[in-house]
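In case you want the letters, here they are:
Number of protein chains: 4
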Amino acid sequence: MDIMSRLRAQHIETPSWAYGNSGTRFKVFAQQGVPRDPYEKLADAAQVHAFTGVAPTVALHIPWDRVDDYAELSAHARELGIGIGAINSNVFQDDDYMLGSVTHPDPRVRRKATDHLLECVDIMDATGSDTLKLWFSDGLNYPGQDDIRARQDRLAEALAEVYGRLGEGQRFLLEYKLFEPAFYVTDVPDWGTAYAHCVKLGPKAQVVVDTGHHAPGTNIEFIVAFLLREGKLGGFDFNSRFYADDDLMVGAADPFQLFRIMCEVVGGGGLDGGVAFMLDQCHNIEPKIPGQIRSVMNVQEATAKALLVDREALAAAQRSGDVLGANAVLMDAYNTDVRPLLAELRAGMGLEADPMAAYARSGYFEKVAAERVGGTQAGWGA
Amino acid sequence: MDIMSRLRAQHIETPSWAYGNSGTRFKVFAQQGVPRDPYEKLADAAQVHAFTGVAPTVALHIPWDRVDDYAELSAHARELGIGIGAINSNVFQDDDYMLGSVTHPDPRVRRKATDHLLECVDIMDATGSDTLKLWFSDGLNYPGQDDIRARQDRLAEALAEVYGRLGEGQRFLLEYKLFEPAFYVTDVPDWGTAYAHCVKLGPKAQVVVDTGHHAPGTNIEFIVAFLLREGKLGGFDFNSRFYADDDLMVGAADPFQLFRIMCEVVGGGGLDGGVAFMLDQCHNIEPKIPGQIRSVMNVQEATAKALLVDREALAAAQRSGDVLGANAVLMDAYNTDVRPLLAELRAGMGLEADPMAAYARSGYFEKVAAERVGGTQAGWGA
Amino acid sequence: MDIMSRLRAQHIETPSWAYGNSGTRFKVFAQQGVPRDPYEKLADAAQVHAFTGVAPTVALHIPWDRVDDYAELSAHARELGIGIGAINSNVFQDDDYMLGSVTHPDPRVRRKATDHLLECVDIMDATGSDTLKLWFSDGLNYPGQDDIRARQDRLAEALAEVYGRLGEGQRFLLEYKLFEPAFYVTDVPDWGTAYAHCVKLGPKAQVVVDTGHHAPGTNIEFIVAFLLREGKLGGFDFNSRFYADDDLMVGAADPFQLFRIMCEVVGGGGLDGGVAFMLDQCHNIEPKIPGQIRSVMNVQEATAKALLVDREALAAAQRSGDVLGANAVLMDAYNTDVRPLLAELRAGMGLEADPMAAYARSGYFEKVAAERVGGTQAGWGA
Amino acid sequence: MDIMSRLRAQHIETPSWAYGNSGTRFKVFAQQGVPRDPYEKLADAAQVHAFTGVAPTVALHIPWDRVDDYAELSAHARELGIGIGAINSNVFQDDDYMLGSVTHPDPRVRRKATDHLLECVDIMDATGSDTLKLWFSDGLNYPGQDDIRARQDRLAEALAEVYGRLGEGQRFLLEYKLFEPAFYVTDVPDWGTAYAHCVKLGPKAQVVVDTGHHAPGTNIEFIVAFLLREGKLGGFDFNSRFYADDDLMVGAADPFQLFRIMCEVVGGGGLDGGVAFMLDQCHNIEPKIPGQIRSVMNVQEATAKALLVDREALAAAQRSGDVLGANAVLMDAYNTDVRPLLAELRAGMGLEADPMAAYARSGYFEKVAAERVGGTQAGWGA
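Same order as they appear, the protein sequences are chains A, B, C and D. Quick note on numbering: UniProt numbering labels position 93 of the first sequence as 93, and the sequence is numbered without any gaps. Quick note on numbering: UniProt numbering labels position 72 of the second sequence as 72, and the sequence is numbered without any gaps. Quick note on numbering: UniProt numbering labels position 285 of the third sequence as 285, and the sequence is numbered without any gaps. Quick note on numbering: UniProt numbering labels position 158 of the fourth sequence as 158, and the sequence is numbered without any gaps.
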């Protein structure tokens, strides 16, 4: 398949929560025109797809996106030209979860948490989603607070139960994160932990790489290459960071890192299906929809550059131990300005060359800012 | 002065906000018996002093602790056996401050922010507080978002105006922080920036070291020693962290680091006045008052160990280049169990030996948990 | 088994290379009395055991400790009252290894490297050592320099060959390291990579945790607990660090972390056999033998404190969700001064209470400083 | 001045030590054709200038580049078409400096170290160099090893003496570094420390920013902007890093960071003179001269992109609080492929478009590889 076809085939999923307000523990700044329910979130996501052509699905977050009738929600999405993507569970925003969810010392809380995960599989059935994303905020703030190993036993037990509930063609992705909201131990802190659990569970369990969830200095593309080699890379939660889990727009902090990641994806067969490219970001101070459009474009540009790498020349230089030559092959692709190529791609898809400008001209923002008055704005937890 | 007298003379200030609910961007877990107004916060702070004997003041946070009559609040504190400590400004929780406060590109917002800082000096006058603590969340999330240098000019201008408003015997402490809530640039990111501004302003401007506000690997005791040498160490915001600004109990993550810091404080004359020992913590999952008591005890234990260092033996080993010998002198003090010594200190002050147990037995928690029902619990922003 | 018996049973292995000169890329400072051959290294190691009673084996490093007759070397060790511990391979100090050893793009270099590993197993046979330690400096300095995934294939191939050569009762420990000497990719950068390879190989392959080989902020005790749960913790390379792989004396930088690690070891059954406690340090500026004695004592003190934890009280507090109570149980043990207990242990073993002072009085240093003149001092690479 | 003229005027200084062998503490890999004396290093540096046109000076390192007749060395440089740049002092490679140089507890060692610095000023006089670069490896490995504050006193004293010796038109640049080779305290660990000393000394003392010398997460462009605002940015030691002070080719690890730094340089007037652009790198595994050529090109490309930023559009977006718009202005410049522009620049200077290819074709490497046989290859310390 040629570069244009591969770029056209790449799907980048946007998350419903990116359209709502978000912030830090210090302040959530409210923005105009923010959606007030899952239906309005879908409408915003449809805009991103309308202008980029490569964002045809939207991830849901339960219970934030809980509705009475998921079939109706799915139908609504289809009418908007998009589909339902991954179902994201949430076992961190109930008072019961202060000391953990599936790893909590109290079996009652564990039961409640696991039941929520099972409910998410029900929602997958109802919406046709094939992917469950599991992130656990479980952990400890203080040494001694709970038994690190016992918590792994409890985690394994819950994962096994959920795994057993997965139907044909369904999978779950286990997310890892170094820290936050737990500040001493996180129960799934790194890819090794997620990987070890997934290997024991079987092929329907895979690891998801959130690009903001690593210790400083971690080489993310190494993890990507390793997991692809093992058949255990389920997908990405894309965002970028300078310090911690900053959840900035993907590609904004280190576009070269994003390129290197996409190079491993391309080289490891990750563009050929099975790897979900999802955004997971917080637009705390920038407008939401343009923030998503820009992010989709950033992933696309990095992918285009990765596809431009002269793989034969690269392999030849690597074989001969030509350090500078091999590096130069990579940098040649990176230094290429791929914006004209992507403009051409969009033209071929009947889209405008500059999605940001096209969205700005569309009047959508002015429309929703006027319409969406009253009610409760969506936000983390809303 | 002997060790006992110096430990008795050390004052550790607790912050009013530590008694309210706090959390992360993911969730604020509510606790029982949490105060609903500044008066109830003072009552809780008085408990910490009652059981430790070394926490005689409480820091206020404006506008969280705004009252109509500050003289009455001060009198109330005195009745409870404590006093008002530092006044903490807040220019981060208003929608106007989304892109900055005193460094905001819009002069209207800068004026509003600076006016708030001036109001804080008014409150110092009204409460008799001699210390204003300035922390700015100002910064950027994205490269290019604003002009880094121009923001320094605006910062300098605001600081100069506030400095000019300080009365006799008043000072401000400028706080620095690497990141959060800003995720690309923070306008006062490190001690060097705070120091440079304070040097230009004059003797009433000093730096405050928050122990959780540094890049990974930063040697905090070096900064403490350096600032003391320059006469620019105004005080501490104590807490501890494993990863970022975790705001855990001081001494919980790295008690040896706390000891090393206190060694520099003792060696540099920081116990002799002028350096404020303040706590700045979030008890997200542990009860608030015991969390403060434990923290006060942790600072006290580290101070006691630092006072036990055999300074003559240390200097002799250092002079002779005896690396292991000098290190051993320090470790001898650190490895000493100072709890008996502190129990003796408390006995001499008419206090119980174990403040944690004594508080637990006091029935205070049960009392406030029963009484403080209804109303709005205090929390960050409340 | 009671605490005293368990402390007496713990064996801490010292490395032959710690007795030679070491340094940084900037300078290796030469010290007096440094050994000039493996026999003199053994003699120094025997001193550490003579004064501590818990360091009965010494690790060798091949080719640094290559001799003609390993049986004679073993016999010499026995005469000195010690034994040969782990065999450490070295595939990083030959010009051929500039771009890698077992992961090198050139099959000739891979063959050479693997042959060296096989030779190390021969030396295990000859010395009776049951443990091979594998550390690979292999990696990349520049993006694109070589294929990350292909290098994993080559690594797996070499490991499988060495694994197949292991005899009854022999094992290898695979070491991971974030970076240095490679500065972009390290082929075994983290515990997850080492673990994944070891799981595939089988029970004779285990992971070794070097406490200085992690990204900033990594929770090492979590890794220890996890690997123990999986039966994959083969041992430790103990040292301490403030920044990178500083190779300082274990317990010198963060004694509380060492205690937490030993708590997981104790709780996870790691004291009951199978986990090797090895030192891997560089005494760049302090004298070597006292540096090793101090380090052995630091591990012993941390172990003693970990054994003092009231496990029943801890479990009860954990079960009831008493965050501060559980933390207090742990801290009670940590805050205990265990030096009297260890003095008593040594008395019961016929040793002097203070190994550092006893060694200093022994005159050994003066003796070797006078004797070991001429020849080539041992050092990294010598 | 237009972009082309500014790019033509920019001078990038290469360091004499980059042409010699270098490595890590684990191994220095020898390369072919490496120079054996300062004269051969100058010859190699002249090649870099010949093919790039913007590297007209070479920095010396004393004592590595000590010669009997500096006037003759300068004349030799002139004949080669280049000049002598900064003089770099070295007070870290003598056995006397094990515990420090100018901060050593022993006054004899301090005297020796300071005398070396004064000798470097003599060499400046003899060579016509106007810049002295001061880097101190001084620090501590263990807590307690020496007195942190007393070492600052000693540092201040030595700096004052050297400052007093500077002639008309001469300056020194004080370098800071977080760690290595010292692993607990470094006596000049951060820009704040260097700045504070320089401010007290006067206008002939400035700070030099080595891009590899910061804690993880440090925002270097902030420091650059701050120091330019204060008139205290003396220059750069360019290189790049993923982890610590990796000393890789500048722009290889994070080209976007290099661009952001150059944006602040351009915006702060740093291209208009006074700021020295120096490389400080180790080509451990890649050939030296091409490594330098590539690095010079990387700085040039980043500078070109920084000059392409539409400053008016940027300022307008910043003023209006348009976060995404302002970021987009910056990214437009970054995403531009400036290689054609630089090829044009070189054509205008009579150079070939691709310096890497031109050098490879020149036969210089084959020539020196054949000629430079025998003697001692230059390297760190040689």
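The set of hints was computed from the structure by calculation and includes no laboratory data. Small disclaimer: the values here were computed from a predicted structure and weren't measured. There could be a bad hint or two in this list.
Example chain C residues on the side facing chain D (calculated, C-beta under 7 Å, incomplete) [said to hold, decoys possible]:
{"no.": "1", "residue": "T24"}
{"no.": "2", "residue": "K27"}
{"no.": "3", "residue": "Y39"}
{"no.": "4", "residue": "A43"}
{"no.": "5", "residue": "W64"}
{"no.": "6", "residue": "V67"}
{"no.": "7", "residue": "D95"}
{"no.": "8", "residue": "N141"}
{"no.": "9", "residue": "Y142"}
{"no.": "10", "residue": "Y163"}
{"no.": "11", "residue": "P181"}
{"no.": "12", "residue": "Y184"}
{"no.": "13", "residue": "P216"}
DSS-like cross-link-like pairs, simulated, lysine-lysine; straight-line CA separation at most 25 Å [claimed, not checked]:
{"no.": "14", "chain 1": "D", "residue 1": "K204", "chain 2": "C", "residue 2": "K112"}
{"no.": "15", "chain 1": "D", "residue 1": "K204", "chain 2": "D", "residue 2": "K232"}
{"no.": "16", "chain 1": "C", "residue 1": "K112", "chain 2": "C", "residue 2": "K204"}
{"no.": "17", "chain 1": "D", "residue 1": "K112", "chain 2": "B", "residue 2": "K204"}
{"no.": "18", "chain 1": "A", "residue 1": "K27", "chain 2": "B", "residue 2": "K112"}
{"no.": "19", "chain 1": "C", "residue 1": "K27", "chain 2": "A", "residue 2": "K200"}
{"no.": "20", "chain 1": "C", "residue 1": "K27", "chain 2": "D", "residue 2": "K112"}
{"no.": "21", "chain 1": "D", "residue 1": "K204", "chain 2": "B", "residue 2": "K200"}
{"no.": "22", "chain 1": "B", "residue 1": "K232", "chain 2": "D", "residue 2": "K27"}
{"no.": "23", "chain 1": "D", "residue 1": "K232", "chain 2": "D", "residue 2": "K200"}
Covered, in the sense of this in silico footprint (three residues per stretch, anywhere, with C-beta under 8 Å from a C-beta of chain B), are these stretches of chain C [what the hints assert, rightly or not]:
{"no.": "24", "stretch": "327–335"}
{"no.": "25", "stretch": "342–348"}
Just so you know, even glycine gets a beta-carbon here, dropped at the ideal spot from N, CA and C.
So, going through the hints one by one against the coordinates:
1. T24: holds, 4 Å
2. K27: Holds - the Cβ of C:K27 comes within 7 Å of chain D, reaching about 5 Å at its closest.
3. Y39: For C:Y39, the interface hint is violated, since the closest Cβ of chain D sits about 25 Å away, which is over 7 Å.
4. A43: Constraint on C:A43 not satisfied, violated at 25 Å.
5. W64: The hint is violated - C:W64 has no Cβ within 7 Å of chain D, the shortest such distance being about 12 Å.
6. V67: Because about 23 Å separates C:V67 from the closest Cβ in chain D, which is outside the 7 Å limit, the hint is violated.
7. D95: holds, 6 Å
8. N141: With a minimum Cβ separation of about 6 Å from chain D (threshold 7 Å), the hint on C:N141 holds.
9. Y142: With a minimum Cβ separation of about 6 Å from chain D (threshold 7 Å), the hint on C:Y142 holds.
10. Y163: Constraint on C:Y163 not satisfied, violated at 25 Å.
11. P181: holds, 4 Å
12. Y184: holds, 6 Å
13. P216: holds, 6 Å
14. D:K204 with C:K112: violated, 56 Å
15. D:K204 with D:K232: holds, 9 Å
16. C:K112 with C:K204: holds, 23 Å
17. D:K112 with B:K204: violated, 41 Å
18. A:K27 with B:K112: OK: A:K27 and B:K112 at ~18 Å, within 25 Å.
19. C:K27 with A:K200: Not satisfied, since the Cα-Cα distance of roughly 48 Å exceeds 25 Å.
20. C:K27 with D:K112: holds, 18 Å
21. D:K204 with B:K200: holds, 20 Å
22. B:K232 with D:K27: violated, 44 Å
23. D:K232 with D:K200: Distance of about 12 Å is within 25 Å: holds.
24. 327–335: holds (count 4)
25. 342–348: violated (count 0)
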